[in-house]
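S.K.: Respectively, the protein sequence lines represent chains A and B.
Under the numbering used here, the first residue of the first sequence carries the number 462, and numbering increases by one thereafter.
Under the numbering used here, the first residue of the second sequence carries the number 7, and numbering increases by one thereafter.
Quick caveat, the hints were computed from the structure, so don't treat them as lab data.
Cβ atoms here follow ideal geometry from the backbone N, Cα and C, with glycine treated the same way.
A couple of the hints might just be wrong.
[What the hints assert, rightly or not] The list that follows gives simulated cross-link-like pairs (lysine-lysine, DSS-like), each with its CA atoms no further than 30 Å apart:
| id | chain 1 | residue 1 | chain 2 | residue 2 |
| --- | --- | --- | --- | --- |
| 1 | B | Lys18 | A | Lys654 |
| 2 | A | Lys543 | A | Lys559 |
| 3 | B | Lys191 | A | Lys602 |
| 4 | A | Lys547 | B | Lys18 |
[Unchecked claim] Here are some of the chain A residues that sit facing chain B, going by a computed Cβ distance under 7 Å:
| id | residue |
| --- | --- |
| 5 | Thr520 |
| 6 | Pro521 |
| 7 | Ser554 |
| 8 | Lys635 |
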Amino acid sequence: MTQDYNFAYLDEQTKRMIRRAILKGLAVPGYQVPFASREMPMPYGWGTGGVQVSASILTPEDTMKVIDQGADDTTNAVSIRKFFEKTAGVATSEETSKADVIQTRHRIPEQDLREDQILVYQVPIPEPLRFLEPRETETRKMHALEEYGLMHVKLYEDISKNGAISTSYAYPVKVEGRYVMDPSPIPKFDNPKLEMAAVQLFGAGREQRIYALPPYTRVVSLDFEDYPFEPSKADHACDLCGSDTSYLDEVIMDDAGGRMFVCSDTDFCRSRRAAGHVGAQGVPFEEDAA
Amino acid sequence: MQSTALTGGFAKAPQDAARAFRAVMNVMARPGLIETLTGAKPPAPLSDAAGTLALTLLDGSTPVHLAGALDCKDVRDWITFHTGAPFTGREHCAFAFGLWSDLLPLAGYPIGNPEYPDRGATLVVEMPALTASGVTLSGPGIKDAAALNLPDRAAFRANAMQFPLGLDFFFTSENRIAALPRSTKVEAA
């Protein structure tokens, strides 16, 4: 590690401010705590909120994993992983089970997380009511008064137009029966996993909000009695590892309509293939292949 | 005299504060959990855990209230030198430190407002000992049930009734720390 940066990039005053916001977020689960987001050496929209939260919670002994839509090897994930290798000197891993801190963009890992792990989300728009009511003064009042009728109207209009709730990602949830929260743009397939053993922290850099879910917090996806919430995924098995329970990405293969479905969680897929599972279009796993 | 104020800080502030915050965050995320918190050596009567918590979270933007015997020159000088936090009465504080009996009554502390519940104060209660027994706790962060030797029941039940407003508590004893956020349900006597 070079000593050119303060540990984990941010100055100590900034980290204290973010740490205080994280503690209040944990004390009031689902409530968006305002914080003074800093300029980071990456543009807004590239995970500056998640990066600031991660920088404030990392310890020198941690192993970090970064995923973007489930993948460890995409630009966003690679650059953030390198950022923390350089500025915090922490170990990194692509294996979910080896990570102490996992920063994620838009997915929850397939493998269940443990009590000693921390999941940090990158959040673009933290306010679940924002597309229904653009004024911050009004949405703040709506949260204060627990006035969430508008959100149910939105879901109802989905049903009356499309015959089903068509929201498929960033599906709103209610936390401990009080705050309606945006779980960040994870697919609704991941919503049931929000009740987990690990601490979950959400950071929105541009919008300057931090919120949190302590372990085992009750998180309920909004729905109606006659139109219950349904987590959904592509009705297919992974073409590489054969898993029929994991969330899938559809990959276009050619101009003739050829396609394949593969696990969005690359570490989950790799470990299944390493264990000998082979999908319809897969080949037996070889170390360092592909 | 002067020397107690200048010594006892973090040896390597970024790394020590990061490790300390991990313990602080873990106890706040899991009410009732007791963790070890070390790094700072504050002057008596402030405990090591409370002193480490102070260095981890306090700075010029966090007004501090010291209650009872903690409101002494040694502790004031130490907090001022290491954190720069201003001192204030209970009604304007972000953090308060003291024995349970000295911190009472809870009515005077800021509890936030409906639009900004995060503006409620954090109270650091110095305890003779911490044990995972006594009052049963449930709520966010607790799988089935947890237990902690709280100094009171009714006061914490009343605090939880105000959710999402209210106070959040840390309990410190020597080098150990536990927490009770306002979201935790405290069993009736």
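S.K.: Against each hint, give a clear statement of whether it holds in the structure.
M.R.: How the hints compare with the structure:
1. As the CA atoms of Lys18 of chain B and Lys654 of chain A are separated by approximately 38 Å, the hinted pair breaks the 30 Å bound.
2. A C-alpha spacing of about 17 Å is found between Lys543 of chain A and Lys559 of chain A, which places the hinted pair at or below 30 Å, so the restraint holds.
3. Taking the CA atoms of Lys191 of chain B and Lys602 of chain A, the gap is near 26 Å; set against the 30 Å cutoff, the hint holds.
4. In summary, the hint linking Lys547 of chain A to Lys18 of chain B is supported, as the alpha carbons are separated by about 19 Å, within the 30 Å threshold.
5. The beta carbon of Thr520 of chain A comes within 5 Å of a beta carbon in chain B, closer than 7 Å, and the hint placing it at the interface holds.
6. A distance limit of 7 Å between C-beta atoms decides the matter here; for Pro521 of chain A the minimum to chain B is near 5 Å, and the interface restraint holds.
7. Given the 7 Å rule on beta carbons, the hint for Ser554 of chain A is violated: about 18 Å separates it from the nearest Cβ of chain B.
8. For Lys635 of chain A, the interface hint is violated, since its Cβ never comes within 7 Å of a Cβ in chain B; the closest pair sits about 13 Å apart.
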